[in-house]
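Colleague: Protein chains in written order, with my numbering: chain W, 85 to 400; chain H, 85 to 400.
Everything labelled a hint here was simulated from the structure, so no lab data went into it.
For clarity, every value in this text was computed on a predicted model and none was experimentally measured.
Hints should not be assumed to be uniformly reliable.
Any copy, or any two copies together, can satisfy a pair, since identical chains are not distinguished.
[To be verified] Listed below are the simulated BS3-like cross-link pairs for lysine-lysine, each with C-alpha atoms no more than 25 Å apart in a straight line: (1) Lys-177 - Lys-218; (2) Lys-115 - Lys-395; (3) Lys-115 - Lys-149; (4) Lys-149 - Lys-201; (5) Lys-168 - Lys-236.
Below, each chain spelled out in residue letters.
Number of protein chains: 2
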Amino acid sequence: MAVVAAAGNGAATSSKPQRATVQDKKAILDKVDCFIFDCDGVIWRGDSVIDGVPETLDMLRAMGKQLVFVTNNSTKSRAGYLKKFTDLGLNVKSEEIYSSSYAAAAYLEAIEFPQDKKVYVVGEVGIQEELDLKGIAHIGGPADADKKVELKPGMLLEQDPDVAAVVVGFDRNINYYKIQYATLCIRENPGCMFIATNLDAVTHLTDAQEWAGNGSMVGAIRGSTKREPTVVGKPAEFMLENIATKFGLRRDQICMCGDRLDTDVLFGKNGGLTTMLVLSGVTTEEQLLSPDNSIHPDVYMDSLAAMLEVKLPVNA
Amino acid sequence: MAVVAAAGNGAATSSKPQRATVQDKKAILDKVDCFIFDCDGVIWRGDSVIDGVPETLDMLRAMGKQLVFVTNNSTKSRAGYLKKFTDLGLNVKSEEIYSSSYAAAAYLEAIEFPQDKKVYVVGEVGIQEELDLKGIAHIGGPADADKKVELKPGMLLEQDPDVAAVVVGFDRNINYYKIQYATLCIRENPGCMFIATNLDAVTHLTDAQEWAGNGSMVGAIRGSTKREPTVVGKPAEFMLENIATKFGLRRDQICMCGDRLDTDVLFGKNGGLTTMLVLSGVTTEEQLLSPDNSIHPDVYMDSLAAMLEVKLPVNA
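Same shape as in the complex, but just chain W (with noise of 0.2 Å):
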C-alpha cells in the first residue's frame, strides 16, 4: 500500500519495487479514474491478444472507468486504427483510442489554429482523417507522394504562403518534394509551426523486424531547417494535459499502464501519473530489479490480467 500511496510524489523511487498485491491493486483501484494504455506489449503481443486482458477491460469499463489506448502510430486515425482492436475481438470505442495523429489535431485545436490557415502533411492518411475531423484545411500527404523535383536551371518550388503549420507523421513515401516543401514553409513561412507526431526511432510495420520510424521524417526536416519541432505524442507533456483536461481529473487520477521502464512509466512519472508497469512486453523482472535500474513504477505484475484478481474471494 506505502508504494501506491506514494504515487505522483516520486517517494516510491527510492525503494525496491514490490510485485503488487491485492491491496495495492485495490487501492489503485479507488484512486485512479482512468487508465492510459500502451497497447504493444500490454494489450496484445503482435498479433494476439494476452490473455485474460479482455476480461480485464470489461471489468475496468463496468467500475466506471475511463480507459485510453495509446498509439504513437500516426499513419491512421482513430477510426482507422480501430480495425486493429475489432479484428483482435476487443470491444473498443474510436473516442478511446488516442492515436498521435489524433493528438496533432487535437493539438491545433488547442492553440487555436486560424481558421484561414492551412497545414502541410508529411505523412499517411490517419493525419489527414483527423484534422478534418477538427475542420483544419491541409496539403500535402499521400497527394504529394510520386511528386519528383525535376531540376531546370532557375527552377524554384513554390509553398503555399498560408501554410502556418506542417505536421510530420511517419511516411512511407517521403520524398525529396515533400523534404524541400516541408523546409520551404518552415524556414519562409513566417511564424509556421513545425510539429512531429512522435520521434520514435523505430516503429513495427511487420512483425517481422523493426523498421526505421517517424525519427526519421521528423530528423530529415530537422536537418534542413536546423529547428526542433513540438512533439504532440507520446511522451509529450501534451497528451497528458489534453486527457487530464477532457476527462477533468488529476494527474494521480490517471494510471499509466505500460511494458517499457524507459518510455511509458518514466513518461507517467515525469507527468506526475500513477505507474503500473506489466512484465507481459520487453521488461523483465530482472531488468525492473536489477540495481542499475532507477526508473521504479508505483505498482507492477506479471500482466494486465492479474488486475482480475481484486474479484476473487479474499481468501481464495
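Keeping the supplied structure of chain W fixed, place chain H upon it in accordance with the hints.
Modeller: Below, chain H without anything else, positioned relative to chain W:
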C-alpha cells in the same frame, strides 16, 4: 603584418581586423604553400566567375602554390565537378578539387577499409565514382532510387551482412527503402560505420532558392539509428588532416580562403590554418567589423583578385 604573424595562435582575434595591406599579402605568400578555396562567393558567384580571379589563380600557380578547391557537393565526383570549372573558363585539374564525395572515399582509404567489405550508399553518382577509383565495393545509390517497400505480413528487408559502412550524401531520390536499408546496416551489422559527406542544411541546386541539403538525408538516418555520423566534408577535421598529410605541410602553411565567417573562417581557425576572408560573397565589411562578431580572419580583402596587388610596382 602583426595580423599575419599571429596566424594560427589565436592572438589576432582580440584586435580589430585590418584590411590587408600589400605587405600583409606578401607575408601570406611568404608563409603559405597551399590555398584551400571555398568556391561559391570566392571563385564564382552563381554562374559568373568573379573578376580577376582567373589571373589570381594563374599567379598563385606560377608562384608554385598548391591550390585546393573545396566543395561539399557530393553528387558529383571530382572529375564530374571539373566541368563546372571548365564551363566557367577556369583552368583547374580534377586533383585540385576536394569534393565531399572524394572525402568519403579518401576517409575509407585512410582507415584501411577492408577489401572484403562493402559500402551502402545513400547518395548520387559522385560517391560511387570516387569509391570506384579507390577500388572500394559498394551497393545502393542510384540503383535504389525507385525501390519501394510494399508491405506484406511478415515481410522483412534483408541487408547485406558485408556492408561495413553506410555513406550518406545528398540524394534527390531519397526514399523509405534507402532509409530502412541504411538503418538496418548501421543497427544490425556489427561495427558498421555511419559516414556523412557533410551536414549542410541547405544546398544550391538552382540559383532561384535554397534547397534542403544533406542535413536532411543524414537527419533521416540519425533519427532511426540514434547514432551520430562521422563527417568527412567541410567543416570536418579529416579534410585538413588529409590535405596536410598529402602535401607534407604544417597547418599554418595552409590558408583557408572563404566568404563566410561562421563556416570557412571558423573552420580554418579551429584547424590552425592561416585564414583569409573575401568580401565577394555573403559577408559584408560591416558584419566583419561589428562588435557582435568575434570570428576574425588573419587577413581580409574585397576579393581574391586583390592578391594581384603584390605584382604591382611598390609605388604604383
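Colleague: Each hint should be assessed against the structure and marked as holding or not.
Modeller: Do the hints match the structure? See the list:
For a Cα distance limit of 25 Å, the shortest separation of Lys-177 from Lys-218 inside one copy, 18 Å, qualifies, whereas the shortest one across copies, 60 Å, does not. With identical chains, the CA atoms of Lys-115 and Lys-395 are at most 25 Å apart within one copy only, with a shortest distance of 17 Å there and 87 Å across copies. Taking CA atoms no more than 25 Å apart as the test, Lys-115 paired with Lys-149 passes inside one copy only; the shortest distance there is 11 Å, against 79 Å between copies. In this assembly of identical chains, Lys-149 and Lys-201 lie within 25 Å of each other by CA distance neither inside one copy nor across copies; the values are 38 Å within and 57 Å between.
Within a single copy, Lys-168 and Lys-236 get their C-alpha atoms only as close as 46 Å, which misses the 25 Å cut-off; across copies the closest is 16 Å, which meets it.
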